[in-house]
Amino acid sequence: MHYLRTSRRSLLQSAALAGCALGMESSLMAPVAAVREDSAQNNVREDAPSGGERMEVTLTVNKLRHMLDIDARTTLLDALREHIGLTGTKKGCDHGQCGACTVLLNGRRINACLTLAVMLEGDDITTIEGLGMEGALHPLQAAFIAHDGFQCGYCTSGQICSAVGMLAEAQAGWPSHVTADVAASPLLTHAEIAERMSGNLCRCAAYPNIVAAIHSVAGGRAG
Amino acid sequence: MRPFTYQRVADVRAATAAGAAHGVRFIAGGTNLLDLMKLEIESPSRLVDISRLPLNEIEVTPDGGLRVGALVTNSDLAVDPIVRRRYPVLSQAILAGASGQLRNRASVGGNLLQRTRCFYFYDRTTPCNKRSPGSGCAAIDGFNRIHSVLGASDDCIAAHPSDMAVAMAALGARVETRTADGLEHSFSLDELYRSPAHTPHLDTNLAQGELIVAVVLPPPPPGVQLYRKVRDRASYAFALVSVAAVLDADASTIRHARVAFGSLAPKPWRSPEAERTLIGQAPHRETFETAADAALNGARGYGHNDFKIALARRTLVAVLEQLAGGR
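Protein sequence lines correspond, in order, to chains E and U.
Numbered as in my numbering, the first sequence ends at 672 without a single skipped number.
Numbered as in my numbering, the second sequence ends at 312 without a single skipped number.
The list that follows gives simulated cross-link-like pairs (lysine to aspartate or glutamate, DMTMM-like), each with its CA atoms no further than 20 Å apart:
#: 1; chain 1: E; residue 1: K512; chain 2: E; residue 2: E583
#: 2; chain 1: U; residue 1: K23; chain 2: E; residue 2: D520
#: 3; chain 1: U; residue 1: K23; chain 2: E; residue 2: E502
#: 4; chain 1: E; residue 1: K540; chain 2: E; residue 2: E578
#: 5; chain 1: U; residue 1: K23; chain 2: U; residue 2: D34
#: 6; chain 1: E; residue 1: K540; chain 2: E; residue 2: D520
#: 7; chain 1: E; residue 1: K512; chain 2: E; residue 2: E570
#: 8; chain 1: U; residue 1: K23; chain 2: E; residue 2: E531
#: 9; chain 1: E; residue 1: K512; chain 2: E; residue 2: D572
#: 10; chain 1: E; residue 1: K512; chain 2: E; residue 2: D573
#: 11; chain 1: E; residue 1: K512; chain 2: E; residue 2: E578
#: 12; chain 1: U; residue 1: K23; chain 2: E; residue 2: D543
If you want the footprint, here are the derived chain E segments under chain U, 3+ residues with CB under 8 Å:
#: 13; segment: 521 to 528
#: 14; segment: 542 to 548
#: 15; segment: 564 to 570
#: 16; segment: 608 to 619
Distance ranges between label pairs, derived from CB positions:
#: 17; chain 1: U; residue 1: A(-5); chain 2: E; residue 2: R652; range: 40 to 46 Å
#: 18; chain 1: E; residue 1: C601; chain 2: U; residue 2: P39; range: 42 to 48 Å
#: 19; chain 1: U; residue 1: P47; chain 2: E; residue 2: T507; range: 41 to 47 Å
#: 20; chain 1: E; residue 1: C653; chain 2: U; residue 2: R102; range: 26 to 32 Å
Note that these hints are calculated values from the structure, not bench results.
All C-beta atoms, glycine included, are put in the ideal place defined by N, C-alpha and C.
The shape of chain U in the complex, shown without the other chains (with noise of 0.2 Å):
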C-alpha cells in the first residue's frame, strides 16, 4: 500500500472542501477502497475519514418515502423494519451480497461508488483502460465470463457489481450529493453512473469532493417486489445475472411493473423497455418472454459470457411468473 495522509472531518463541509483536491479520497467502510490500495490500484494521497459524520438515519420523507444517509452501513439497511417490510426486494438485494462481516462494514455510498470485479482491473499486470487509461482492453479477447452484455463499450466491458443498486434502481431511487462548492445534487441511479465510451476510467458523474449524502427512494411502487441473483456459488459470490422486478397485476392485466438487471452492464441496468412491454398486457409466459426479449434486445456477448444473455432472459422470466403467481 502506497503512503498516505489521512484526515478527519467534522462535518461534511469539511469533507467537501477537503476532497476537493487531486488525489484525495473519501473513507467511510473502506472494504472496497483498502482492498484496491492493498493492490496499489487506488492510490490516493490523503484519505478523508468521514465514517463519523452524522449520515446514518434512515428517515420516513414527508410523501411516504424513505429517507438514507450515505453512512448506514449495508446491514442496517437491509434489516430495518421498514426496508424489510415495503421495500423487501432492497433488503434481499443486500442480504444476496457479500458476507456479514462485511455488509456491517460497508456504508450505502460506498456500496453505491465500489469499483468493477474485472479480473484484468484487478490484474496490474494486464491493459485496462479503467485502470491506465489507454493501455486497452484486456477483457474484449479474454475470459470475459463476468462481464457486460449491455451498455459496454469497445474500450471496456466491465460490468458493475452491486446488488443494492439494481434494486435501488428499480425502486427508483435518487442520489443526493455535496459538492465541494457546496452545491446539492441529486442524481437517478443511470444519471449517476457513465457509460464507458472512451472512458471507462470515470465510473461516476461526481466531481472530485462531491459527496454522497443520502439516498432517496420514493413510495414503493404498486405491487410484490422480489430480487433473484444468479451465482457460481449457493452464497458469497457476485453475481453472474440478478433481477429486481417489482409487479402489479390482477388476473388479467399488468398495471405496473419495475424490471432491473445486475451484473450485466457498467450500470444497474433497468429496463425501460421491458416495462413498457409488460404494462397493459396479461401476466402471462409468454408477455414475460416478450418483455425479456425487449429488455435484451441488442445485447452482445464476447465468448465467455454469451450464456450471460440466456440467462438473464429466463431470469426475468422465472422471477415475474412467481411475483404474477404470489401476487
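Just chain E, with the same shape it has in the complex (with noise of 0.2 Å):
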C-alpha cells in the first residue's frame, strides 16, 4: 500500500512540515500523504519575491505528460522535484556547475537547473526514473553498483544520465577537448571519458570508478 512505503523523502518533508504529527503514530499517514499533497502545489520559498507570473505548461517526463500550473521563474530541475514529485535528480548548485542535475533533454544531456520549464512544452524530457527500474536496471546503472561508483550516491542520478548521453554523443561520433585530431572519431579511453564527464563533480571523489563502470559499458569502443 503506498502509505506504508514511505519514503524518506516524505519523512523529511513531513518532519520539516508536519512538525508534532510526527509524535504520534497513529497520525502520521494521513499528514504524510497531505504533505506530498501540499508540496506539489508549492514551489515557492518563503523569502522568495511574490508575484511571479503563473503559466501553464505540459511537460513530458519519461513519456509521460504533466500539466502544470507553475511559476514562470520555475526551472526544469524545481518543476521535476517540486511539482511532479520525481525527485531523483539532485539540486547540487543550482548553477550549472555541479552536473547534480543532469537530465535528458530530447536525447541530449543538459542542466535541469539552467533551464525554464515554461520553454519546455513538447519537449521529450528523461529522468534518472525513465532510464530503469528495479529489478530492470539501466546497464549504466548496473555498472556504477558493480564498479562501487559512488559512496554518498547525490551525484550518482546525474552521473548516469550524463553518461547516457555522453555514450551516445560519443557514439555519433563526436570529438572531445582531448581528442587529437578533431575530425577523427576516437576510443571512448579513460582518459576521453574523464574529459566528456567533467561536467559531473562527485564531492566523494569516486572519479576512478565513475570512469570504469562508464567504460564497462562503453566496452572501449570508438566513437
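Both chains come to you apart, so use the hints to assemble them.
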C-alpha cells in the first residue's frame, strides 16, 4: 500500500512541514499523504519575491505528460522535484557547475537547473527514473553498482544521466577537448571519458570507479 | 529571482519588436542568463523566448565560407563535419569551454553575449561599474588574477570569458543582426564588443531589441590552425590565457598568420601587430618571440594578474612553434 512505503524524503518533508504530527504514530500516515499533495502545489520559497507570472505548461517526462500551472521562474529542476515529485534528479549547486541535475532533453544531456520549464512545451525529457527500474536496471546503473561508482550517491543520478548522453555523443562520433584530431572519431579511453564527464562533480571523489563503470559499458568502443 | 513575464515569439520580426522595450531580454539556451537572474545580477522585466526561431542551420555560403545560425548549439557547431575539417580551431575552442551539458544547451549567439566572470561582477556586496554603473571597481585593487591585461580601463578590468569567440576572431567572423527597425547590421567581433572606457556596463554595440541571427565565417584562411587554453584545471574551467592561431608557412617564410588571445581583454583580442610581425619572416622561435612582444606591447598587469603577460607570451610562442612544426 502506498502509505506503508513512505520514503525517507516524505518523512523529511513531514518532519519539516507537519512538525509535531510525527510524534503520534497513529496520525503519521494521513499527514504524510497530505504533505505530499501540498508540496506538489507549493514551490515558492518563503523568502522569494512574490508575484511571478503563472503559466500553464505540459511537460513530457519519461513518456508521461504532466500539465502544470507554475510560476514562470520555475526551472526544469524544480518542476521535476517539487511539482511532479520526481526527486531522483538532484539539486547541487543550482548554477550549472556541478551536474547533479543532469537530465536528457530530446536525448541530449543538459543541466535542469539552468533551464526554464515553461520553455520546454512539447519536448521529451528523460530523468533517472525513466532509465531503469528495480529488477530492470539500465546497464549504466548496473555498472555503477558493480564498480562501486559512488559513496554518498548524491551525484549519481546526474552522473548516470550524463553518461547516457555522453555515450550517445560518442556513438555519433563527437570529438572532445582531449581528442588529438577533432576531425577523427576517437576511442573512448579513460582520458576521453574523464574529459567528457567533467561537468559532473563528485564530492566523494569516486571518479576512478565512475570512469571504470562507464568504460565497462562503453567497452572501449570507437565513437 | 525577480519576477518577469514570459513571451514566446514565432519569427525574428516579432522577436525584435518584443525586444525593443527597456528591460526585455532574449532567452535562448539561458545557461548564463538564468545563472545571473538567480543571483539578481540580471533582472529583466520580460523574457522573450527565441529558442524556437528557425535560426539553427549551418550553411555553406556561395564564397565557400560558413553561415552559422545564432541558435545552433555550441555542441552542434563544434561537431559539425565541415567545422571539424575546415575550421578545426573553432571546434577546439568550443570543446575547450564549459561542459558537455552546457554546450548542448548554449547557443552561438548566447555564447558571444555571455557576461564576464569577474568575481566582483558576481558579488553584489562589492562595487562594480559593470553591474552598478558609477559604484567603482573592486577588482583594480582587489583579487584580479583572472582579469584583463589588455584593453581595460580605469573603470573596469573585467575579461571576456568566451573560448568560441577567440577562434571566431582569429577566423575573421562577422556577426549578423536584425534591429527592431528591421535593419540588417554586420559586425566584426572587434566592432561587436565595446571597450569598457567609462561605460563598462555596456558590453556590446547592439541596440535594445537587436538580435544576433547568424555568425558568418569567411572561407578558412590558408595554413594550419590551433587553439590552446591554459587554465587552473585540466577541464571545465575558464581560461587564464588562450590563443587561437593560424599559420601558413614553408621552411623559410611565413606567408599568412592569424593570432587572437582569450581571457586577456574585455573582448576576444585579435592581434594585427603580431600578425604583421610574422608575415614574411622565417618560422623560427625568434620570430615568434618578436611577434609575442609586439602583441603584448602595452599590456599592463594589476598585481595578481601580472603573470598573464608572461604566460600569454609563452603560450603564443608555443602555439606558433607547434603550428610551424606540424605544417
